[in-house]
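Student: Sequence:
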Amino acid sequence: DLEALVATGKREDGGRLTLEQKELCRCRLKLLTYLDRLATYEEILGGPHAAEQNYDAEFFRKFRNQNIVLSAITYARESNVRGLEILFTYHGSDLLRYRLPVLSNFPETTSPHEYSFLLPEACYRENALEIVPWSEKKHREEDWCEGSACKLIIDPVLQDESEILFDSQPELLKYRATDISINLVTNWYWKRAEEIENYSMQVNTRV
1 DLEALVATGK REDGGRLTLE QKELCRCRLK LLTYLDRLAT YEEILGGPHA
51 AEQNYDAEFF RKFRNQNIVL SAITYARESN VRGLEILFTY HGSDLLRYRL
101 PVLSNFPETT SPHEYSFLLP EACYRENALE IVPWSEKKHR EEDWCEGSAC
151 KLIIDPVLQD ESEILFDSQP ELLKYRATDI SINLVTNWYW KRAEEIENYS
201 MQVNTRV
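Under my numbering, the letters of the sequence shown match residues 1 to 207, in that order.
Be careful, since some hints might not be right.
[What the hints assert, rightly or not] Taking CB as the label site, the calculated pair distances span: (1) Glu58 to Arg16: 33 to 43 Å; (2) Glu171 to Leu38: 31 to 41 Å; (3) Ser93 to Phe117: 18 to 28 Å; (4) Thr186 to Asn127: 14 to 24 Å; (5) Glu130 to Glu195: 21 to 31 Å.
In short, the hints are calculated from the structure, not lab data.
The structure presented is a predicted model; accordingly, all values stated were derived computationally and were not measured.
For every residue, glycine included, the Cβ atom is placed at its ideal position computed from N, Cα and C.
Construct the complete structure from the given sequences, taking the supplied hints into account.
Tutor: Now the structure itself:
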């Protein structure tokens, strides 16, 4: 079957998949992405029951196709703490390496106390200070078409969704990291505190 072909077709020539089979994989992957975005949207609205009452078809049509990094940036700029928390939780594999740059997009006039649980925390483990990993969740188990082998076959040149963030804010590139370190977080906190004080003139917010 198609899954078996993908499993054996890991060669650079794309394995044995025909153009039609590759298109089928793309469609399957797109459908799963839409299902995940729908589940995420329901969570943002407050669960399936609340979603029935507040579902916005036009918003979801945009959200399901939107660059997930752009969605996170938008929620940060709108101070939508709940929305950003859900994106970090259910789309962590796509977003958490950009956690600090995304958090830098909260307005300086928004008190950090409002989004404090989104900020990195540290704890001692085996006598060493480490950043506490974000607690991720998945809407479902990974499908075979979402594996790296299949993605490389159907789309050899993967799009970098972070371009939209760093093209306009290149100074945040230094804060991109899969495993953020204590030093990186410390530097980010100092820089962020300076920005809050300079832009909002609110010393209390900085503190």
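Student: Now tell me if each hint is right for this structure.
Tutor: Comparing the hints with the structure gives:
| no. | hint | verdict |
| --- | --- | --- |
| 1 | Glu58 to Arg16: 33 to 43 Å | holds, 41 Å |
| 2 | Glu171 to Leu38: 31 to 41 Å | holds, 35 Å |
| 3 | Ser93 to Phe117: 18 to 28 Å | holds, 20 Å |
| 4 | Thr186 to Asn127: 14 to 24 Å | holds, 19 Å |
| 5 | Glu130 to Glu195: 21 to 31 Å | holds, 26 Å |
Going through the hint list in order, the structure satisfies each hint without exception.
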